[in-house]
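Sequences listed follow chains E and G, in order.
For what it's worth, the numbering used here labels the leading residue of the first sequence as 391, then goes sequentially.
For what it's worth, the numbering used here labels the leading residue of the second sequence as -8, then goes sequentially.
Note that these hints are calculated values from the structure, not bench results.
There may be inaccurate statements among the hints.
Label-pair ranges, simulated between beta-carbon atoms [to be verified]:
hint	chain 1	residue 1	chain 2	residue 2	range
1	G	99	E	553	29 to 37 Å
2	G	257	E	630	26 to 34 Å
3	E	586	G	209	23 to 31 Å
Incomplete in silico selection of chain E near chain G, CB under 10 Å [stated by the list, open to error]:
hint	residue
4	520
5	523
6	644
7	657
Glycine included, C-beta positions come from ideal geometry on N, C-alpha and C.
Spelled out from the first residue to the last, the chains are:
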Amino acid sequence: MNRIAIILIGFIVLLGISGAFYTVKEYDQVIITQFGKPVGDPITTPGLKFKIPFVQKVNRFEKRFLEWDGDPNQLPTKDKRFIWVDTYARWRITDPLLFFQRLRDERGAQTRLDDILDGETRNAIAKYDVLEVVRSTNREAQRTESEAEDEVTLSTIEAGRGDIRDEILRIAQSRTGDLGIEILDIQFKRINYVEEVQRKVYERMIAERKRIADRFRSEGEGEASRIYGEKERELLRIQSGAYKTAEEIKGHADASATGIYAAAYDRSPAAREFYEFLMTMESYEATIDKGTTLVLSTDADFYKYLKRSQ
Amino acid sequence: MNQQGFDDGPQGPEIRLPKPNFKLIRNVAIVVVALIIGLSAFYQVEPEETALVLRFGRYIRSSEPGLHLKLPFGIESVEKVQVQRQKKEEFGFRTVKAGGRSQYATRQYASEANMLSGDLNAAVVEWVIQYRIIDPYKFSFRVRNPEATFRAMSEAVMRSVVGDRTVNEVLTVGRAEVASVVQVELQERCEQYEIGIKVDQVVLQDVNPPDPVKPSFNEVNEAQQEREKLINQAQSEYNKVIPRALGEAQQTIQEAEGYALKRVNRARGDSARFVAFFEEFRKAPEVTRKRIYLETMAKVLPQVEGKIIVDEDLRSVLPLLNLNSTSTEGGQR
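My request is simple: use the sequences and hints to build the entire structure.
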C-alpha cells in the first residue's frame, strides 16, 4: 500500500514540478496569465523559470522579427495607371502585454497589419505618378549606343520609391504605436503593370526599338555616302594634281630644250644659216624616194659640170 | 535489506516477487538510462557548421566543429548553423541539374524576374546572390524564417536598383554597376534587419527584354551590325582606290620627269653636236658646204626613178609633164 502511495505521490509531485517549471527560449517572451489575466511583467530573458503549477499559464510570444506579406493588389496611381503592387514588411512584438491585450495573438496581428499596411500603401500610391513609385533617385542614365546624342531617357522625380516607402512606414508606425508592436521595415517587393497597360508598354517599346534600328541604318548609309564622296574627291584631287605637276615638268623641260637649241642654232647669223642648210640636206635624204619625180635644170649645182668642166 | 531489497516484516518474509525480474529490470533500466545519457550527451558539429548550445533555452556557448559533450535529457539543446558554407539564392530561375551542363527552369519563376525600369520599360532579370551566415546567433534568434526574409529583401533591392535605370543600361553597359549597387544596399538592409548574413556577391545572369519585345531588340542589334557593314564597305572601297591612285599619280609624275630628262639631254646632245660641227664648218666653210651637198645628192638621186634634166636655156621643149608615168622618155638613168 505504502509503495503504491509513494509512487502516486511521487507521480503527482513530478507533475507538479513539471507544471512549475518552464523554459523561455532565446526568441521567446512570455506572459504569465492566472485565470486568463496577465500577472507580473513580461519575461524576456531566456532560461529556466518557475510558475505556480495548474493555476498559472504560460503564453509565449515571439521576440524575433516576424513576417508580413501583403497580397499583390492592383492599385491606381495619381496619373490613373493601375499597377500591381506586392509589399512585404517585418515587425516585432515590443510590448507583449499590450500585444496580448490588444491583438491577442499573431493571427490578430496579421489581420490588423493587413488593414493598416494595405490601406496606407493604397493611400500613398494614389498620391503619386507611376514614375515616382518606380524611380528612387534622379541619377543620370549612362548613355548607350541606342540613345541619340541628346536624348533624354530618365525623367526626373520629386519623391521617389524610397520617400514613398518612408511615408508608408511612418504612418503605419504611428498607427501601431498602441498595439505593442513595432514595424521594422516595409518594402515594395514587386511592382508591375496590369495586363492592358503592359500590352501598351510593349507596343511602345517595340516602336521605340524600330526607331532606333532605323536610326542606325540611316547613320550607316549616311556615313557610307560621306566616305564614297570623299573617295571621289580625293581621287580627282590626286589625279588632277598629278596631271598639273606632270605638265609643268614637261613644259619646263620643253622650255629648257628650246633654250638650249636656240643657244646653239641661234647664236649667230652664220649658225642660223648653217643650221638651215644642214636640216634641208637631211630632209632631202628623208623625203626624196623612188616615187618622187624631179625636174632639174643643168643650172643645179650637182649637174653644172655637165655643161662645163669648171 | 535482504537480497531482493525488501524489508522483512515483523511477521517474517513478505510477499516476494520473482527474484530475477527486479534485477533484470534494474539492469535494463541502467542500460537504458546510460543509452539515453550517451545519445543526448554527445553531439557532432560538421566542419562547415557552428553549434549554438542552449541550456533551458538560453544561449550558453558556441561549439566549433568536432565531437562535443552537453548536458543530457534535453537540459541542453543544440542548434546547428552552417557558417562556412557559401550559400546561394537564385531569382528568376532555378538550377534543375547542376554539373558540367547545368539545366535551368525559368518559366514558373517569371514573376520573380519581371520588373520595371526607370524609363518605364520592362525587363526580365535573372540573378544569383551568394552569401554566408556570419553571425549564427543573429541568424537563428533575431529573425524568424531568415531565408524567406532574405529573399524578400533581395527582390525588393534589385527592383529598386533596376527601377532607377534605363532598360538599355540594365541590358548592356550598366550590368556590373547594378550588381555592385545591389550588393551594397542589400548588405545595409541585412545590418538593419540584424539577420547575420554577409552578401558575398551578386551576379546578374540572363538579362533580357520581355519575350514579346525581343524580336525588335534583336532587330536593333542587326541594324547596328548593318551600319558597321555599310561603313566598312565604304571604307574598304576607299582604301582600295585611293592608294592605287596615289601610285598612279607618282607614276605620271615620274614619266613626266623622264620625258623632261630625255628632252633636255637630247637638246644638249643635239646642240653639242651642232656646235662642234659648226666650229669645224667655220674653219673651212666652202669645202664643207660643197661636200655635204654632194654627199646628200649622191645618196638621194640614185633612188629617184623619175629624173628629168633640162637645160636652162632650152626653149623649144614644151614643158609637158606626164604625171602618170614614172618611167623616163629620153631621160637619163
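Verification of the hints:
{"no.": "1", "hint": "G:99 - E:553: 29 to 37 Å", "in the structure": "holds (34 Å)"}
{"no.": "2", "hint": "G:257 - E:630: 26 to 34 Å", "in the structure": "holds (29 Å)"}
{"no.": "3", "hint": "E:586 - G:209: 23 to 31 Å", "in the structure": "holds (26 Å)"}
{"no.": "4", "hint": "520", "in the structure": "holds (7 Å)"}
{"no.": "5", "hint": "523", "in the structure": "holds (8 Å)"}
{"no.": "6", "hint": "644", "in the structure": "holds (7 Å)"}
{"no.": "7", "hint": "657", "in the structure": "holds (8 Å)"}
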